[in-house]
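Protein chains: 2
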Amino acid sequence: MKQYQHPTADQFSLTCVLHALSDPVRLNYVQCLATLTCEQPCGAIATPVAKSTMSHHLRVLREAGIIRIRTEGTHSLTSLRWDELEARFPGVFTSVLKAVDKNVLVEEE
Amino acid sequence: MKQYQHPTADQFSLTCVLHALSDPVRLNYVQCLATLTCEQPCGAIATPVAKSTMSHHLRVLREAGIIRIRTEGTHSLTSLRWDELEARFPGVFTSVLKAVDKNVLVEEE
Chain A
0 MKQYQHPTAD
10 QFSLTCVLHA
20 LSDPVRLNYV
30 QCLATLTCEQ
40 PCGAIATPVA
50 KSTMSHHLRV
60 LREAGIIRIR
70 TEGTHSLTSL
80 RWDELEARFP
90 GVFTSVLKAV
100 DKNVLVEEE
Chain B
0 MKQYQHPTAD
10 QFSLTCVLHA
20 LSDPVRLNYV
30 QCLATLTCEQ
40 PCGAIATPVA
50 KSTMSHHLRV
60 LREAGIIRIR
70 TEGTHSLTSL
80 RWDELEARFP
90 GVFTSVLKAV
100 DKNVLVEEE
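As they're listed, the protein sequences go chains A and B.
Residue numbering for the first sequence follows numbering that gives the first Met the number 0, starting at 0 and increasing by one per position.
Residue numbering for the second sequence follows numbering that gives the first Met the number 0, starting at 0 and increasing by one per position.
No lab work stands behind these hints: they were computed from the structure.
Just so you know, even glycine gets a beta-carbon here, dropped at the ideal spot from N, CA and C.
One or more hints might be untrue.
Heads up, simulated SDA-like pairs for lysine to any residue below, C-alpha to C-alpha not over 20 Å straight-line [stated by the list, open to error]:
#1 B/Lys1 with B/Leu84
#2 A/Lys97 with B/Leu84
#3 A/Lys97 with B/Lys97
Partial selection, computed: residues in chain A whose CB lies under 8 Å from chain B [to be verified]:
#4 Leu13
#5 Thr14
#6 His18
#7 Leu20
#8 Ser21
#9 Pro23
#10 His56
#11 Val59
#12 Arg61
#13 Trp81
#14 Leu84
#15 Ala86
#16 Pro89
#17 Gly90
#18 Val91
#19 Val99
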């Protein structure tokens, strides 16, 4: 079973978090995850990019500490680390999600 | 006299703003500008990068709408567009500045 590495909250870097959120596809994915509130299979959220590209995006989000990925059987399940992000950088993640203008998030690739 | 182009507030893009703030040198510069509060000559804030590199960073910040640059005589003066950013993406810029951990902003290059 694949084990994913995650930074601890004290390893979060503000610039890494901002970089991870600065891509429209990643920001859209995170917003959908926030709307759904519970843990989701990685493929459950429709994205406009190829699976391999999305794997890269998920890695960037995971390594920044924005999402947690765990395996259960043959599935990879994804959840936001919202509480940890909010504790580490108060207001940043929440205000970014509030500011997301769906019209800004163009479909790419 | 060089004229700089600036996006209007309704042209600001959230992902461009996040990208502009996701670099340690740029984030450090913006934080210094916020501390100084008033308009500053572009070279007044010490940065750990070459002048040409800083010109690139200033362009990224200007094109994202984070700073305004105007020329006065032989000087270029820089100021934050904080109020416009706050109006367009409430809480984002302010919470990022509050979250800046000086220890995270390593000197680069």
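Item to check | Hint check against the structure, violated hint numbers in rising order | outcome: 1, 10, 11, 12, 13, 14, 15
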